[in-house]
Each structure stands twice: as structure tokens, then as C-alpha cells.
Amino acid sequence: MTDRHHVLGLFTDDSRAAAATDRLRQSPWQLQKVFSPVPSRKLTDALKLERSRAGYFTLCGGIIGFISGFSLAIFTATRWNLIVGGKPIVALIPFFIVGFECTILFAVIGNIIGMLALTGLPRYDNLRYYDPRCSGSHFGILASCDADGLEGLTGFFQQQGAEVKVFD
Amino acid sequence: MSLNDTDLAIMKGKRLYLLFAVLAVIGVAAFFYGLLGQNPQRAWQAYLINFLVWSGIAQGALLFSTLMHTTKARWSGALSSAAESFSAFFPISFILFLLLFLGKEHVFTWLHQDLHGKEVWLNLPFLFARDFFGLGILYGLGFAYLYYALGSKIGTLQPRGKIRTLLHKYWASVDLQRCQSRKSTFGILYMLAFALVLSLIGYDLVMSMDPHWVSTLFGAYTFVKAFYTGLGGLIILAWLLYLKTENGFGLQLSDFHDVGKLFFAFCLVWADFFYVQLVVIWYGNISELTGYLIERTMTPPWKSLAWTVFTMCFILPFPVLLNRKVKTTPRLMIPLCSIVIVGIWLEHLLLLGPALSRDAVVLPLNFTDALISLGFLGLLLAAITFFLKLFPELGRVGKHEVMEWK
Amino acid sequence: MMNNSVSSEMTYAKIDQTVLDTLSPATRPYWITIALLLLGILLGAACWLYQIFVGIGVGGQNNPVAWGTYLINFVFWVGIAHSGTLISAILHLFRAGWRNPIARAAETMTVFAVCTAGLFPFIHLGRVWVVYYMLPYPNQRGLWPNFLSPLVFDLIAISTYLTVSSLFWYTGMLPDLATVRDRAEGLRKKIFTVLSLGWTGEHEHWRHFSRIYLFFAALATPLVISVHSVVSWDFALGIVPGWHSTIFAPYFVAGAIHSGLAMVLTLMIPLRRIFHYENIITLSVLENVAKTIILTGLIVAFSYATEYFLAWYSHNIVELETFRWRAVGDYSLQFWIMVICNTVIPLLFFFKKIRTSLAWLFGISIIVNIGMWFERFVIIVGSVAHDFIPHAWGLYTPTAIELGILLGSFCLFFFLFILFVKHLPSVSMTEIKETAFAGENHDG
Chain A
1 MTDRHHVLGL FTDDSRAAAA TDRLRQSPWQ LQKVFSPVPS RKLTDALKLE
51 RSRAGYFTLC GGIIGFISGF SLAIFTATRW NLIVGGKPIV ALIPFFIVGF
101 ECTILFAVIG NIIGMLALTG LPRYDNLRYY DPRCSGSHFG ILASCDADGL
151 EGLTGFFQQQ GAEVKVFD
Chain B
1 MSLNDTDLAI MKGKRLYLLF AVLAVIGVAA FFYGLLGQNP QRAWQAYLIN
51 FLVWSGIAQG ALLFSTLMHT TKARWSGALS SAAESFSAFF PISFILFLLL
101 FLGKEHVFTW LHQDLHGKEV WLNLPFLFAR DFFGLGILYG LGFAYLYYAL
151 GSKIGTLQPR GKIRTLLHKY WASVDLQRCQ SRKSTFGILY MLAFALVLSL
201 IGYDLVMSMD PHWVSTLFGA YTFVKAFYTG LGGLIILAWL LYLKTENGFG
251 LQLSDFHDVG KLFFAFCLVW ADFFYVQLVV IWYGNISELT GYLIERTMTP
301 PWKSLAWTVF TMCFILPFPV LLNRKVKTTP RLMIPLCSIV IVGIWLEHLL
351 LLGPALSRDA VVLPLNFTDA LISLGFLGLL LAAITFFLKL FPELGRVGKH
401 EVMEWK
Chain C
1 MMNNSVSSEM TYAKIDQTVL DTLSPATRPY WITIALLLLG ILLGAACWLY
51 QIFVGIGVGG QNNPVAWGTY LINFVFWVGI AHSGTLISAI LHLFRAGWRN
101 PIARAAETMT VFAVCTAGLF PFIHLGRVWV VYYMLPYPNQ RGLWPNFLSP
151 LVFDLIAIST YLTVSSLFWY TGMLPDLATV RDRAEGLRKK IFTVLSLGWT
201 GEHEHWRHFS RIYLFFAALA TPLVISVHSV VSWDFALGIV PGWHSTIFAP
251 YFVAGAIHSG LAMVLTLMIP LRRIFHYENI ITLSVLENVA KTIILTGLIV
301 AFSYATEYFL AWYSHNIVEL ETFRWRAVGD YSLQFWIMVI CNTVIPLLFF
351 FKKIRTSLAW LFGISIIVNI GMWFERFVII VGSVAHDFIP HAWGLYTPTA
401 IELGILLGSF CLFFFLFILF VKHLPSVSMT EIKETAFAGE NHDG
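Quick mapping for you: the protein sequence lines, in order, are chains A, B and C. The first sequence: position 47 = 47 (this note's numbering), numbered continuously. The second sequence: position 118 = 118 (this note's numbering), numbered continuously. The third sequence: position 41 = 41 (this note's numbering), numbered continuously.
The hints are simulated quantities; they were obtained by calculation from the structure and are not laboratory data. Beta carbons are placed, not taken as given, at the ideal position from N, Cα and C, and that holds for glycine. Hints may contain errors.
To be verified - Covered stretches of chain A, going by a simulated chain C footprint (3 or more residues, C-beta under 8 angstroms):
(1) 29 to 35
(2) 52 to 63
(3) 80 to 87
(4) 90 to 104
(5) 116 to 126
What the hints assert, rightly or not - Heads up, incomplete: computed chain C residues facing chain A, CB under 8 angstroms, no partners named:
(6) P145
(7) L148
(8) G198
(9) W199
(10) G201
Stated by the list, open to error - With the Cβ distance kept under 10 angstroms, some of the chain C side facing chain B (calculated, not the full set):
(11) G238
(12) I247
(13) L298
(14) A305
(15) F309
(16) A311
(17) E319
Just chain A, with the same shape it has in the complex:
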């Protein structure tokens, strides 16, 4: 494995960071990650990111929940096969409440599973190439290059107006 260097360029505003992202793509160096303290439209556009697929997890969870809720209520009602309170054994009108709550519960669980699966969290090793200022007011662009590209990459960031931090 070749020795790769990771360089982090820290910007104070996102338009310059977005511009740098664009230029980085045309350069020989590799863009790894872009850090930001708040979600930024400009950066999302510059990175040409697709819409997140998290919704499918939520939808699946919701469907499973809907079926489970009704199943639970209907199954348990049919275990005691007597008319109680003048209501039918399988009473869909009130069972809808159980189904609805379970739909929301499982949809939320699906949401969480989606988030953990898609973001890869919890993950503690990605703090290696990270600067604490990125959760404050700085936008960071992490790029990597091989050993001889280091000077060029550092120079590139400085040209874009960023503060540079080198990892290795």
C-alpha cells in the first residue's frame, strides 16, 4: 500500500469550500470527505450528492409495523373467542389504534436502522482525519494524495484561502 497523505483544508465560509471542491475534482488529488458544522446547500450541490435512501428503511418499518399491530390485536382477540362488551371479536375499528401506533413505532425504528446503516455510525476511527473546528464554524475538505503530491495539495488549499492541516 502506497503511503498516502491526508490533508485537511479549513475554510470559514461554504462558498469558497464549494468552489474548492469543484476544483479539487478536476485535480489529480482525491477528495475524501467534506466536513461542515451545518448542512450546506452549496456544498451538497458542489458534491452532486444523491438523495438519501433513508426513506425506504422508514417505509419498510412502517409497513411491518402496520401488519404487526393488527396481527397482534387480531391474534390475541381470537385466543379468547367470546363476545365481550357487545363488540365483535375481531373489531377493526378500535384495532386500528393499535395498528397505527405500531406503524409509527416500527417506522421510527426503521428510521434509526436506516440512519445507522447508511451513515455507518457508531464509528470512532473516523475522528483520525478530523479537526475539532469543523463542528464549530469551519468547513473542512479532506483530500488525500501520495507522497510526492503533498506539496502541491497543500499549495492548492492555501491558494483557495484555506488553513491547512496535514495528517500522515
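Starting from the known structure of chain A, arrange chains B and C on it as the hints suggest.
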């Protein structure tokens, strides 16, 4: 604008009015046909349903404008202008209300019943008077709001035509800041009146047709229906304006997305208010209350109508509106909103039918009812067109009316 | 136009600093407050323990009033929880930026209020040691919980609400937990490293996070409405006059938001002063809460009026008597406290001078919550005390044990909240920065 364009526009306008007049005439003819037939009660039933549905759409649409103004919503300037055009139907609605009482023998089922003491509330003079004043106040406040809303938006422009010149004369005497603050005041008053008057109308003209049944949520349910259908009507009008006018009436696709979300929200609210009444009455199983429900949701011929209504007003719109792109696709939204409006029309039939067409074996719904409805629709469209032609600059106000949500 | 819910002098660094300063070591007044609240909790716990050993009869509930302060407190605390979700979820969907400064504290209020509420079904069980009967598992006789019962609906709804609000709260906090991690040292750094799950704010994280947060908000909204509807159905699905009413679900939801917003004011006004949040939680934010209270107060007033009107309209002698007695009978004091505190006093917020005065805001918020507590009293106690058969009419008075538990529950809520504000960021730094960020980017 060149002379040719103006001619074209006038001709188009005249053609529209002709179309609406034809619809209205068809409606009136069908109504008289029904009246003179075997069962005049059916004609009056259709009249009542249509009066409630179309007035509700107009009242609900204006509520959109007052609501957006009061919450200082940032996105809805052009839509509010479109919504305000529905209020032109108010005078027509008021006249229709008065004419309703010509059919009092057929409309008010409790007129000759022994009401065991309720006559102090359910008697014709009192009912007429309170609803007369209620609608009068509601429409009056609506017009007051409209007056100041229009004044704020176009009061400084050059008027054309008699009505406009008169209005601008009045507007000139009020400065902009006073206009805005009065607009806000009347907006809030209209919303309060909307809740109270529509509840009253719901109790008086729908719930009391079965005089011994009570549902405390019925009033709120009525005004939720009105807002739901008002939004539907607004969306259809907004699409037509966006697609058929040169500058799209100042509307943007994001407006459709936002109002589509609001429509979706009220689809849920409607279904929630429907279910809430259903589950409480079903579960308590008290015979004074369940009779109403059993007749409408569990016995033929109304059972299938109940399912149709629920499908058209919730089961169909809900999953369709979940999708983001649908809200900005007119090919889908216009039919969907139309289905919802027809669904609420049928819902009124579901509630009123068993009371007005007692012991019906077959659903009391036929072609004549549809034609009468077209007549009412023609009147509403004529009113909206009249308004938009009277204030053509509204299409250019667009986002200038925006205020920030602070 | 700038969004002036956050003062324009707040830069990102200043926002971070203001919030992180609140996490610095606590002072003596703080520890004294915590100690006093803890005493209150222990008192409540002692009362409950006493009740477990001696029996449920140490409470005032009996025939005919079988549900007393335990249910009142339950509904009260669930109600408080609801406006937290309204503020954080529903207002997020409406893109109302003014909610950002108070969203974190409101969500926290929700979580702790649901925790407090969740204790009460246990407290008012006669045999709390067999509460596991409620779980859906087949016992020796093949008996399952009865999913037709509103109490089981409650169980499902409240546990769903607790799970969802906690997850929503925690997920929303992740970026902030990372911010604290990055500025902390020593043990605190280690704890927050674990808690923040390795969040780095990279583009992949934000891409999914924004969507997930939106779905959380979209799911929490119908949940809020359904949960308090389910709680209202504990009453409305019965046939008791004064309970069996279709308006209960939206009425309770509106009332819940009414009391919750008042509690938000009660919490935010001191918090703002003590933590120097004046530039973040500006007066206009509090004003907006006050305006929303006007709306919910009007809805509650509408509900009261509707119930009275329709009780009269129905000409049902039992309904008529129930509502007559509420206003002039043995609990008429509680009734009039309810009406005046909930519907009349909030109308004062129509006056700008009142809704921009911290003293009035704080005072009215306390009054509204007193009114809302008494509303639950009037509904829960007042209906069963005086229902169908005159021979069965009876009254109820809370006992000292019940009042001890009531005090304990309030102390528990404030204890948890005050513990939270010193150890976790009580204002969402990320969302405030987003507000400021959007403000800059919207110029021109």
C-alpha cells in the same frame, strides 16, 4: 398590451361567462325538473348539499388567505390572491341561503315532529335568524378583510372601470399601515367567525336533520371539511392560473409543493375527525347515538356510499400525496382535488340522505343531482372569473406581499 | 429580511461559546436546588412505597370516583409532553425558524414529562408487582392482554411516544454532542466521544441526517395527535356523561399543547436569564409562544362552549345535570378556576405590552398550568362523581399520600430538567447556526 390581445382577452372572458351561464341554466332547469317531478324532496336535498359544499369551498379558500397572513407565512403571496377570488361567491351563497327556505317543508325534517322541548332551538324563525346573521357576519368580515387586503396590494395602482374607481377612492383615504393593521384584525375576526359560524351551520343544517342525534365534534368537523375542500378548490384554480396566464399569476412550483403539503395535512385531519367520531360512538354503543352511525355505515344502501366517501377522501389521496413529485404535477393534482371535492359532496349526501330521503332502498342519487351540482359549480366559477377580471393586477403582485415568519 | 429570532450579533463562535459555557461546573445555588428537588422526589417515593405496602386505599379514590389525582397527573404530564413535540417536530415541518432556539429544551421537556407521566399508571395500580401482566405474552391459561381496552391502547401509545421522543431527542442532539466532544477535555471528552457515536459532520452524515430528521418530524406529528387522542379515549370511550363526547380527542390535544406551551415559558424564562441566552432565545420567540397560547386557549374555550351547548341541545337529562353541576355544584370552585385560568387570562396576550413582558409571560404561564391541572380534575373527578344514578353520587378528596406523590412528580420533572441543562447542551447549537446561516445566505 396590443389591441388584439385585449380583444382576445375580452372575447375569452365573454366565452367563459357564456359557458358558466350555460352551466347555471342547466342547473336551474334540472332543479325545476326535479321540483316538478314525483319527489320534490330530492331536488331540495341536492340544493342543500350543493349550497353547503360550494359555500364551504369559498369560505375555506378565504380562510387560507387569512391564515397565511396571520401566521406571516413567507411563501404564499400569489396563492393568497388566488384564494381571495373565491370570496366573490359569498353574495351568491347568501342569496342561495335565503332561497333554501323556500323549500323548508322538504328540507327541515323536524318541522312537524314533536321535539320534546327542543323546539325552542329548532324552530324555523330562530334558525333562519341566527343563520342569517351568522352568515351575514362571516361574509361581512370576509369582505372587510378582502377590502383591506386588496387595498394593501393594489390600492395605489390606477383604476379602470366604475367599481374599481369607486374602490380606489375609498382606498386612497386609508394609508398603507392602517390598511395592513386593519387587514390583520379582520383576518383574525374572520377566522374566529369561520369556526363559530360554520359550526353553527353544521349543527343547524346537517346535524339537526336527525334532531335527536348529537356529536360534539360536528361543528369542528364541518369547518375542517370546508377548509379541506377550500384547499382543493384553491389548488385547482392555482394550477389553471399557472398554466393559462402569461406570467403564471406569479406562482411558483414551490408554492404548489407547499400548498400540496397543507392539503395532505388536512386530508389527515379530515380522516382523523371522521375516525374520532366513529370510534367514540361505536365503542360506547349508546343507542341514542349509534342509530345514526349504523344507518350510514352498516346498512345498505348507505354502506357502499360510506366506503366510497372514505376511499375518495382518504384512502386514495393519502398514499398519492405522500409522493413529493405528485404535488407539482398538475395532471395528477387537478383530478385528485376534484375527486376529493366530489367525495365531500357524497359525504354530505351520506350524512343528509338518510334523514331527507328516509327509508330509501336505493341510493337517492341520479343524473339530475349531477346537473344541479353543475349549476352551482357554474355560479362559483362565474364569481371567481368576475373577481379575477375585476382585479387583473393581482396576478402581478405575487411575492411582493410576503412578510417573514418571525 | 433577516430572521430576527436570533440576534444578528451571534456569530457561530459566540453561539457555541454561550451554550458551552452553560456546561461549566455548577455553582452552589444549583446544587442546593438539586438537593431540594431530590428531597421532594424522595418524599414522593416514600409515599408511593407506603402505598405499595399498605394498599391503594390510602389514596382518596373510591366509589364512585375511582380515578383521582393519579390519573389527573398522568394526563397533565402527557399533555405537557405534547407541545415539546409540537415545537420540535410540527414547527420544523412548517419551517418556522422561531422554534429553533427552544426546540432542544422543548424536546427535553417532552422526554422527561413522558417519563414522569409513565410512572402514574404504575402508581395507581393496586398490585404494581404484577404489572407484567400487561405485556403481550401467553400465560399459563393462554390469556393475552385485551387489545380492545383503552388502557391497553394507552400502554402502546405512551410507550411508543416515549421511545419515539427519546430517539428523536437523541438523534437531533448528535451534532451538538460532537461539538461538545470537540471542546471538552478529560472524562467529559471521553463520555461525549462515546455519546456522539463518532459524528463528524461529513457530507455523508449530513446527507442522511437531514432526511432522517425530516422523517422523524413527519412521524412524530401524527404520533402527538394520536397519543393524546388515545389518552382522551380513556374517558370518551366510556359511557359516563361528561366523558362520552366525540370532541374529546381534538379538545385534549389542544389542551395539551396549551399547557405544554405554558410550561415552555415557565422553563425558558428563568433558563434564559440564568444561562445568558438572551441573544438566542429572544423576546420575539417568547412572544410567538404567547401568540400560540392565544390560539390554543381559544380552541379550549370553543370546546367548553360546545360541550355546554350540545349538552343543552341534546335535552338528555343526565347530560344537563352533569354540566349544571359542574358549574354550580360541589366542585364549582375548580370549574371556575379552570375556565378563568385557561380561557380568559390567556386573552391578555392579545396586548403586546403583556406578551413582551417577562413577568407577565411567566405569571400567565403558571396560571395556565394551574388551570389545566384543574381542567383534568373537573373532567376526571367531576364526571364520575355525579353521573347517572343520584343514589350513587359521591365526592372525592385527595389524601396526603396523593399530594405527596403529586409534589414528588413535579420535583422529579424539574430535577431531571435541571440535571439536563447542566450536562447536555440545552440549546441546539447546530440549529441556531443553521438559522444564522440561512439568514446570511438569504440576503440579496
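ask   = Can the hint on L298(C) be confirmed by a CB-to-CB distance to chain B that is less than 10 angstroms?
value = 7 angstroms, holds
query = Should the interface hint for G238(C) be scored as holding, given a Cβ-Cβ cut-off of 10 angstroms against chain B?
reply = Interface hint status for G238(C): holds (7 angstroms vs cutoff 10 angstroms).
task = Under 8 angstroms, Cβ to Cβ, is where W199(C) needs to be relative to chain A, so tell me if that hint holds or is violated.
result = 7 angstroms, holds
query = Holds or violated: the stretch 29 to 35 of chain A covered by chain C, criterion of 3 or more residues with Cβ-Cβ distance under 8 angstroms?
reply = Holds, because 3 residues of the stretch 29 to 35 of chain A bring their Cβ atoms closer than 8 angstroms to Cβ atoms of chain C.
request  = Three residues minimum, CB to CB under 8 angstroms: does the stretch 90 to 104 of chain A make the cut for coverage by chain C? Let me know.
outcome  = holds (count 9)
task = Under 10 angstroms, Cβ to Cβ, is where A305(C) needs to be relative to chain B, so tell me if that hint holds or is violated.
result = With a closest approach of 9 angstroms, the A305(C) hint holds.
query = Does the nearest C-beta of chain A fall within a distance shorter than 8 angstroms of the C-beta of P145(C)?
reply = At about 7 angstroms, which falls below the 8 angstroms cut-off, the nearest Cβ of chain A leaves the hint on P145(C) intact, so it holds.
key: Interface hint compliance - I247(C) to chain B, C-beta minimum distance less than 10 angstroms   = 4 angstroms, holds
ask   = Against chain A, with CB atoms and a cut of 8 angstroms, does the hint on G201(C) hold up?
value = Check passed: Cβ of G201(C) comes within 5 angstroms of chain A, closer than 8 angstroms.
request  = May I ask you to test the interface hint for A311(C) with respect to chain B, counting a Cβ-Cβ separation under 10 angstroms as satisfied?
outcome  = Where the cut-off is 10 angstroms and the nearest Cβ of chain B is about 9 angstroms from A311(C), the hint holds.
ask   = Under the criterion of a CB-CB separation shorter than 8 angstroms, is G198(C) in contact with chain A as hinted?
value = 4 angstroms, holds
query = Can the stretch 116 to 126 of chain A be counted as covered by chain C under the rule of three residues or more with Cβ-Cβ separation shorter than 8 angstroms?
reply = Result for this restraint: holds, n = 9.
In this structure, every one of the numbered hints holds.
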